[in-house]
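A.B. asks: Residues per chain, in single letters:
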Amino acid sequence: MARRTVTRLLSAIAVFMLPQVRPTTPASSEGRPAPTVLTIHWGPESFPGTQLVDAAIREAVSRAGPVRYYAEYLKTEDFPPETASLALRDYIHHNFEGRHIDVVIADAGPALQFTLRFRELFPAAPIVFVSGQIPDVMMNHAAIRVTGIVNDAAFAETLALALRLHPFVRQVFVVARAPVSEGYDERVRAALRPFSQRTELTYIQEPSVSRLLAAVKAVPAQSLILYTRYTPEEADTAVYPDQIARLMADVSPVPIYCATDLYMGSGVVGGMIRGSYARGRRLGEIARQILDGTPPEQIPVGFQQVVPTFDWRQVRRWGIDPSRLPPGSDILFKTPTTWESYRRYIVGIVAVIAGQILLIAALAAQRARRRRADERIRHLAGRLINAEEVTRAALARELHDGVCQELAAVSIAVNGLKNSSGLIQDAHTQHALSKLHDETLGIVEGIRRLSHDLHPAALHLLGLAAALRAHCSEVAKRNGVHVGFTIEKDLQSISPDVALTLFRVAQESLRNGIEHGQALRLSVSLTRSGDDVELTVSDDGWGFDLDAARRDGRGLGLVSMEERARSVGGQVQIVTGLHGGTTIRVRCPAAAREALE
Amino acid sequence: MPRASVLIADDHPVVLAALVNLLKDTFDVAAAVADGHRLIEAATRFRPDVVVTDISMPGLNGMEALGRLKAARWETKVIVLTMHVDANLALEAILAGASGFVVKMFAGAELVTAIHTVLEGGLYLAGSVADDVIAALSTNTPRGNSEKAACLPARTGDVHGCKSGPPRFWKERQR
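The listed protein sequences correspond, in order, to chains A and B.
Each residue of the first sequence is one higher than the last, beginning at 1 in our numbering.
Each residue of the second sequence is one higher than the last, beginning at 1 in our numbering.
The set of hints was computed from the structure by calculation and includes no laboratory data.
It should be emphasised that the depicted structure is a prediction, and the values quoted were computed from it without experimental measurement.
Idealized CB from N, CA, C, for every residue including glycine.
Each hint should be verified, as a subset may be incorrect.
Said to hold, decoys possible - In silico contact screen, one side only, chain B against chain A (beta carbon under 7 Å); selected entries:
| # | residue |
| --- | --- |
| 1 | His12 |
| 2 | Met105 |
| 3 | Ile134 |
| 4 | Ala135 |
What the hints assert, rightly or not - Pair by pair, the computed Cβ-Cβ distance ranges are:
| # | chain 1 | residue 1 | chain 2 | residue 2 | range |
| --- | --- | --- | --- | --- | --- |
| 5 | A | Pro496 | B | Ala71 | 45 to 55 Å |
| 6 | B | His37 | A | Ile443 | 29 to 39 Å |
| 7 | A | Glu445 | B | Leu119 | 40 to 50 Å |
| 8 | A | Leu520 | B | Ala72 | 54 to 64 Å |
| 9 | B | His116 | A | Gly480 | 40 to 50 Å |
| 10 | B | Thr26 | A | Ile443 | 25 to 35 Å |
To be verified - These stretches of chain B come out as covered by chain A in the derived footprint (C-beta under 8 Å, 3 or more residues):
| # | stretch |
| --- | --- |
| 11 | 13 to 25 |
| 12 | 106 to 116 |
Sequences are here, hints too, so could you generate the full structure?
C.D. replies: Here is the structure:
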């Protein structure tokens, strides 16, 4: 023992110092051959799960160092049991004669029975087993160098789980038939006995596969099937239990539960399962511990953990609520959903879209707000224009009806004075009175003109056409220019607001043309088309830069023109350019107010 | 020969006073009133020879009062007095039965002459509108609906607005 520790120490140092040397001499660093491990599986090599278990053992046992690994198969189900046992004994005896076997692994109860029965094949080798129960021999003889794991199939746990998932099930059909395995059926019945209180347990014991399937097909709804294992009485071809699982699942009208992972993927729902891979790995680990020097007596017999395992496709097929599956369940065959596969992309895209939607909404809100503000401005502009017109009209009337009347009275008085008798008939006084009378007339004319400019009373009195005609001739007279006026037939009714708007535009256009454009010939025309009335004012003036005029203060007249037109639902079109004359056209509905609101 | 009696109506007190002052030496001013209803009352009571009335007055305006006086078929002559130099208005007044049309600004010079003229059975038109009115009367039916027919020709470059239907001047105060 001490010597071995020293050599291990030395080898460890060697490994530390010459790390590149070790892989080239894998057999042993001390000249000794690698330890030999022999696994005896129950059943043929092709039995489902066997290769998986074997690979797991091999992987675990050779993890910490090289081993010579062998696997043999005890085929007591395929051949007469005694013959198969003796044949394997002889086979091992011949093949391994003269070889030292360091650890024997017995996979399943019959294999353990075999190793114990033919212990002389490997007298000194510790045995690592997996079996449904602790072998009797361990109870009686403590020092037989045997250890391992117990993993009896969790039939009861599986049925309990199935009944929890299907609370309305009152009847359970159990398919458990393995005549070659001694006492198998009884073990299953014993395990499930506690459930006979809660549910009706029916064992399907048909001897042939066809009759089994017929029975499975006939089970009533509101029941379920617990499948442990099935071996037919006689079969033309070898039928493995997992194939039976698939055949049953194909015809069964109810879910099938099982306690072994060998059937997973065959159409069964699942159950409380002790996994084959975990079993093999645990066996290999124990063997490795023993190879590393731990005496098997110091390794306690363990129980393999049971894991609730489900086939996701079957869970969906039978409409089992996934949230009711026990926590920590092993879900197999679950293809990731689109969400699971592309979660980051989906989240990213949704975030981007949401961001854009927010942006768009914000912009739309901004726009709506702006539009409301514009509308309010337009409304206010309309009211401002209106208020201005009201004030001007009041002023105009005051001037005309008040001041002018009083001046008329003065004029009458002066005349009366002039005609009265006495000293007043003196030529000098008469001349002064005449002059006074004329001056009064001049003042009246000035005020009349001012009043007219402030508010065209003629618009109400005589209508748009006449008012415009009068205005044109007055402008012509006052400025010494030619102003043509044309009117297309009868204009019919034009609302007062529209008439005032058109009059103001004409007034402003004529003034601009004469004052800024130095125009000599101007023309005003009024036409009607359908519900619209159109005013056109043209001149032969210099024209102007429209954009520049809008920018500086001179454009105020233009802006007010446009605002006026808009307030009655019309629009202004201005065609001008330097040295090109100007044409201003306004078109608006004749009954603007009603159309606008 | 007794002095002719005159009834004066004008809603503007200063003008009314001036008119009374102007006429009181030559004529017997029967009453001076400020609106159309009082004008009818006074005319009914005094039966004046001549009524001088402004057009725009509150209540009953001058044109309406003219209509009533004419409807009563009295001998009373009516002279319309206004601020507006407007041939159309003058024409309307004459057609409604007025015997004279005088512009206020020239009333001091013309009104006495106008009253004398109408008392003698003549028609008095203010110099500033006379030509236009006569021209209009000489063409076609002035009260027709056609704009062309009612439209007066331009004079001295001034264009008088025309409008189909009767002028609406006397509605001004009511609007």
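A.B. asks: If a hint holds in the structure, say so; if it doesn't, say that too.
C.D. replies: Results of checking the hints against the structure:
1. His12: holds, 4 Å
2. Met105: holds, 6 Å
3. Ile134: violated, 21 Å
4. Ala135: violated, 17 Å
5. A:Pro496 with B:Ala71: 45 to 55 Å: violated, 33 Å
6. B:His37 with A:Ile443: 29 to 39 Å: holds, 33 Å
7. A:Glu445 with B:Leu119: 40 to 50 Å: 31 Å Cβ-Cβ, so the 40 to 50 Å window is violated.
8. A:Leu520 with B:Ala72: 54 to 64 Å: holds, 57 Å
9. B:His116 with A:Gly480: 40 to 50 Å: Holds, at about 41 Å.
10. B:Thr26 with A:Ile443: 25 to 35 Å: holds, 27 Å
11. 13 to 25: That given contact holds, which follows from 8 residues of the stretch 13 to 25 of chain B lying within Cβ reach (below 8 Å) of chain A.
12. 106 to 116: holds (count 6)
Against the hints set out earlier in the document, violations occur for numbers 3, 4, 5, 7.
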